[in-house]
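Using the hints, put the two standalone chains together into the complex.
So the sequences go chain by chain: A and B. When we follow this note's numbering, the leftmost residue of the first sequence carries the number -6, and every step to the right adds one. When we follow this note's numbering, the leftmost residue of the second sequence carries the number 442, and every step to the right adds one.
It is possible that part of the hints are untrue.
[Stated by the list, open to error] DEER-style ranges, computed between Cβ atoms:
(1) B:679 / A:27: 40 to 46 Å
(2) A:357 / B:519: 22 to 28 Å
(3) A:267 / B:743: 31 to 37 Å
(4) A:3 / B:639: 51 to 57 Å
(5) A:42 / B:594: 45 to 51 Å
(6) A:117 / B:804: 30 to 36 Å
(7) A:3 / B:463: 57 to 63 Å
(8) A:218 / B:731: 29 to 35 Å
(9) B:518 / A:357: 50 to 56 Å
(10) B:576 / A:3: 28 to 34 Å
(11) B:743 / A:251: 34 to 40 Å
(12) A:58 / B:658: 51 to 57 Å
(13) B:478 / A:144: 38 to 44 Å
(14) B:749 / A:146: 52 to 58 Å
[Stated by the list, open to error] A few chain A residues facing chain B, derived, Cβ under 7 Å:
(15) 182
(16) 184
(17) 185
(18) 258
(19) 266
(20) 268
(21) 270
(22) 332
(23) 333
(24) 336
(25) 350
(26) 357
(27) 362
[Stated by the list, open to error] Non-contacting residues of chain B with respect to chain A, defined by C-beta distances greater than 10 Å in every case (computed):
(28) 452
(29) 467
(30) 469
(31) 614
(32) 617
(33) 670
(34) 681
(35) 729
(36) 748
(37) 773
(38) 811
(39) 817
Don't read these hints as lab results, they were simulated from the structure. Bear in mind that the values here come from a model prediction, so they are computed numbers and not experimental data. Where is the CB? At the ideal position from N, CA and C, for every residue including glycine.
Below are the chains, spelled out letter by letter.
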Amino acid sequence: MDFALDDEQSLLVSTVRRWSERGLRTWAADADRGGTAPGAMWSAAAELGLLLDAVPAADGGLLDGDAGAYSHQARALRGIELGRGCAALAALCESNVEPALAVARWGSSAARETLYRAIAADGAPPAIAVVAHDFHERLAIEDGGAAVTLRGRLGPLPGLALASHVLVVATGAAPVLALIPVASPGARVVPCDPAPSAWRAAAWGALELDGAAIPAELVLARGAAARAAATEVLSWMRVGLAARAVGVAAIALDHAAAYGRDRVQFGQPIGRFESIAHMLDENQTAVAAARLLVLQAAWEIDRGAASAADSASRARDLAARVVARATIDAVQIFGGYGFVNDFPVEKLMRDARPFEVLAGNEALSRVLAAVEG
Amino acid sequence: MDLFHGEPMFGAVRQMTHALAEQEIRPIAALHDRDESMPWDLMKKASSFGLSQTAMLDTRRITGDADDRGDKGGERKPGRAARVAVVGAEELAWGCAGIGLALAGSGLAAAPVARIGSEEHKQIFLRALKGVDEAGHIKVAAMALSEPQTGSDISSLATGARRDGDHWVLNGHKQWITNGRSASIYVVWAQTDASLGRGGVRGFLVERGTPGLVPGRKETKLGIRASETAQVHFEDCRVHKDLMLGADRVSEGLGDTKKMLDATRPAVGAQAVGIARAAFEYLLERVRGGSLRGKPLAGHQHIAFALAEMEMEIQASRLLVHRAAWMADHAMDNVAFASMGKAHAARTAQAVTTRALALLGDEALEPGHPVEKWYRDAKIYDIFEGTGQIQRRIIAKTLTGLNAV
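Chain B on its own, in the form it takes in the complex (with noise of 0.2 Å):
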């Protein structure tokens, strides 16, 4: 099986991500951890050459991939996206993970656009994010999903879209939405038809500024503190009909965010990967150059096992990540392979963070300590997109048929 050997494009993505992510990302890193801001000088000159918080709607163009629903005609050639995306969003991931994810927040709500979406829909998506907002930063993108009762279990939305002649009207609170307070447009999942479950839950485009959207309160979070995390309100929200995504198909419903969630699941692995990574990079470096009773210290069997341990979990990691990427390229079901790529790489990055400090002694208490900031950013991939629990559901379920409780 050939992942990722013999295509150009996969060294150059990762190789312009990575020098962004030691020279541009890096630097910045702890300034942003600390004060919990977003990176936004960095993500306007990041868009400007090309790596834009609309790039999951560019992304085909860029890669040549053909189109999502495959509707030009001919045997479908394999894509690249979904490799270009775990390759550079390791990268990314590596230098920071918040800074990583303020980069590609938008992509989130972008997603389902590119999915289900109409030419009107990514059109009004791509027209909300040109220019700047009025604090004169780069515009993003929400998808507001999540809500304070609706963690893991996302069938059980309570925010409610009701039908009032051309419009929806939309309320509800959302929880934990990536850019909630300073989006300039909201991919918002809300339930139309209670009877119809989780075919009822709809997509809606809703534009900053709209009656009745009220982005909420920010958070203060443990990790990834360079991405933007708060509530958002929806308070007889009215929305035009036209702005429901995927009204010109027969939507799937909750299904849609469940696959879109799939789509993204190998790229949120990858920046675990990332994470573990760096805490591993640096500890080898350490390691490296220092000696203890006279031994260098890889020469101690305590310190360097660790290593090759840490070497062989990330690198299996990485491996489910990439083949959960090359089957989605390849349009392949990898729904069992993209909850195993997420959930083993976040609990490697948990591993490798925290072995990593408890080697570092107390150097890791210094304030600022990076390998300190991984281990708080790593907690997160075991509980966003679905929590370490709800992808062993995914996989035991693939094996067994049954849901298990």
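In isolation and in its complexed conformation, chain A is listed as follows (with noise of 0.2 Å):
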């Protein structure tokens, strides 16, 4: 067992810290505000690498090898230092890896070929890609044996407003993993306007599907092995949610550690106070716990581990939980300050929200498939 980084993480760890501090955390504020993410973002996020990592160096993009070399770990490393920057951006960043991934991994010549020109093309903003799943199961699903042809609503997603394509993931009565090019006949996207209040940067939107037919050579998936590429994509999706909770909690708490040492009341600072030294010290317990459990989900996830779907869940299970906590905790902190956006506190517990949401209850269905056997 070994905690410590080896030199290519620390160096991916530092450069994408200083990125996230200089970059992201400066456009943040005028991003939440304004609902946008700024240009600026995405040329550097290209150069960064961020958008077309988890495409194969064979397909124009960078990852050297096929799906199965990409490293989840790095990417976990990676979402921890974005999320410290601003989630709603980093959430934009991130948002190609699990379609790209999924289409190196199991898609169609065609499917490369539409994907992976589409994110790889200039655009201000570019397109990116998203993935929709459909855990309350709303989707109708008519799996003609070639085409596939779907009806029903998905979201609000974050990206989705920028999206070229979705890869819907759907794991019901009829399981199938489908590309969907958002200028498909009977799709449409309906960009969030107003955001939600959580990522509003986010480019939210809903996906609506009104018998849009996926031709065969979109469909990555079907039956049995869409239920299982499924398991796989959430888990990818789990861990870098989780990633960069823990980020957003992580600096949520430094915020607040700072703010307790400046902030003077009753002729002391407010950070030794008892009630306020265990309130950060509780969630700085909390961060790390989460952070190792996030780290070990996508090491499992990197060694094909049979436990790593297991862990994933777990593993953004707690972080969204945590970083719900030191967000709440920080806005108390500091107060009266933590309530306007003079201070960041308040957009990161906005921003603490679609983590325990997105890509579903995973608690729920962990109980049910423990009670059910």
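As structure tokens, then:
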């Protein structure tokens, strides 16, 4: 067992942290107010390789090998740092990972061609890809053997308003993993206007499918294979979400600890009151635990461990609760200043919410699985 | 102990305020939250049927309570004002806490006027709130106590009042002031004599337009966005000596403000109960209508027990708040119960809204979702009118006699 980062991982962490602090964090407040990501973010994200790191080099991307070569540990380390910058902007920067990997793993040449060409194209902002998981089984799916026809609505989801493609993951009665170009007949993205109060700059939208027929070459998997593929995709997604949640929680605590040192009430810095020190201390333990669980889940995914899906689910679950508590407590420590947008913590409290509900309530799923045997 | 039964007035107040919340407040709540705007039209309408900005001064007339100082002689009958306030506050906050605060925001300023103001002060206050302001809005009042460096620690107020002939000259900055930009009259707390410490803090009535009174920036907030919060600045603001509250009696200085906060605390706790109840009822309706894997949602312990937990906490919070109000109406020392009610209700509102969001899942990501708004609204109840930490300090001190640090 080795908890130390290797040289490459350390370099990754320091590079992304620098960008997160000097880029994402400086853009975060304006992006939140205006509801859009700055153009400068996209060019910098592309330069850092965030947008195409899951696209195989053979297809014009940066991944040296196939989907199995992708390092989810590196992605988790990176995600933590991105979360420290801005949850909304981080979500956009990481949106391509799951669709790109899924297509690399299970996609036809046509799927690779359409997706990778779209997300590699210049654009301001560039097109991105998004995963839409039909957790609540709201879609009506007709599997005609060749094409799959979809009806229903998914979302709101971050990134959809900028998406050229959506990877639909359905695990209900008719399991399917399908890549849908949003320009397909019968498909329509409805941007959220106004934006939700969380991740306001994340280009939220809903996907409306009214008999959208997905040709066979864009159906990545069906039936039992789709169910297995969905489990993997969701594990990747959950580790990504959990890592960014840990980052948001960590930065909330950093802000709160700094404020606790500076803010004087009753003749002493408030951080020296035992109740505040205890609140910070408990949260720091929780963030440390969540970080380790996220990294463990990523490590298991990278090794193809059978327990990876379970660990990813638990990591997301824990990290979501940790970020909710840490951001609420950070606002508490800031007091009245925490409630107004002059300071960053009220945004962090809003931004904590999607981590708990995107991609479904797997705590409930696990409980049901346990009692149903 | 009979807290509320046998008093038809409380039922009537609940019925009236619930109808207002359901029919008038709920339909406009999302709009005012999104736009961060005051519900001026509703404030005017509410005022016309008794829920006025000066209700605090009228309450005793409305409720038939004896004068606060008990100077009518004879055995004092229990009052009803505190219980009326908690019943109404819960219902209004059930509709929208921000709008509820906008409707009642002037009460914060009216409370010290009612408590320590002279009859003349009351008349000045009421006169200042008559009619409409230059924007055509109903007039409102503000209580200016908190300062940039003085959040929880109100004993270190930096705003000073210097005597100059027949006037006091105020200088300083106030922060997080409800109605701070729009108020037609302010109750401003300032230090008149630093050598007296807490005893030197006094309240002044300052009307809008008084030279040196400068309404400052409006804050953009996480929640209760329909209620205006702003900074207020005082720059050599001259106030006649007769406008100092409590000048005709021995003032308790800062103690006056603390008693005032004790008096309003049960109603603040009741607002938190209203938010919690709103989120709980929304979730309950979803659960009743839903199913999962062929079984009603309500048949899953994972969900049903969460509802049970919420109901326990809401009922416990309400009982604490009601007991604090009942004690106030019976002229009993309710300091500990007022703090327990407020602190418990604040924690409940946060816990219920947070859990409800998690159980509702991605539905609550829809823009303008009410539970997400209640989640944002709930947080302030652990901060304003004394943070959760301050409440615990107060409660602990009643137990041990010591200030815990």
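Are all C-beta atoms of chain A more than 10 Å from that of residue 773 of chain B? It holds; residue 773 of chain B is separated from chain A by about 28 Å at its closest Cβ, greater than 10 Å.
Given as non-interface: residue 811 of chain B, partner chain A, CB spacing beyond 10 Å: 12 Å, holds
Are residue 576 of chain B and residue 3 of chain A spaced within 28 to 34 Å by their CB atoms? 59 Å, violated
Looking only at beta-carbon atoms, does the pair residue 267 of chain A, residue 743 of chain B fall within the given range of 31 to 37 Å? 35 Å, holds
Regarding the assertion that residue 748 of chain B does not contact chain A, is the least Cβ-Cβ distance greater than 10 Å? Answer for residue 748 of chain B: holds, closest chain A Cβ roughly 14 Å.
Should the hint that residue 218 of chain A and residue 731 of chain B are 29 to 35 Å apart at their CB atoms be regarded as holding? Since the Cβ atoms of residue 218 of chain A and residue 731 of chain B sit about 30 Å apart, the hinted range of 29 to 35 Å holds.
Residue 681 of chain B and chain A, when compared Cβ to Cβ, separated by more than 10 Å: The claim holds: residue 681 of chain B sits with its nearest Cβ about 31 Å from chain A, beyond 10 Å.
Just want to verify: residue 729 of chain B was marked as not at the interface with chain A; is every Cβ pair farther apart than 10 Å? Residue 729 of chain B clear of chain A: closest Cβ-Cβ about 17 Å, beyond 10 Å.
Taking the CB of residue 3 of chain A and the CB of residue 639 of chain B, does the distance hold inside 51 to 57 Å? At 54 Å between Cβs, range holds.
Holds or violated: 57 to 63 Å for the Cβ distance of residue 3 of chain A and residue 463 of chain B? This hint holds: roughly 58 Å between Cβ atoms.
Given hint residue 268 of chain A near chain B, where the shortest CB pair must fall under 7 Å: 5 Å, holds
How about residue 357 of chain A: closest beta carbon in chain B under 7 Å, or not? 6 Å, holds
Hint violations for this structure: numbers 2, 10, 14, 15, 16, 21, 24, 27, 32, 33 and 39, all remaining hints satisfied.
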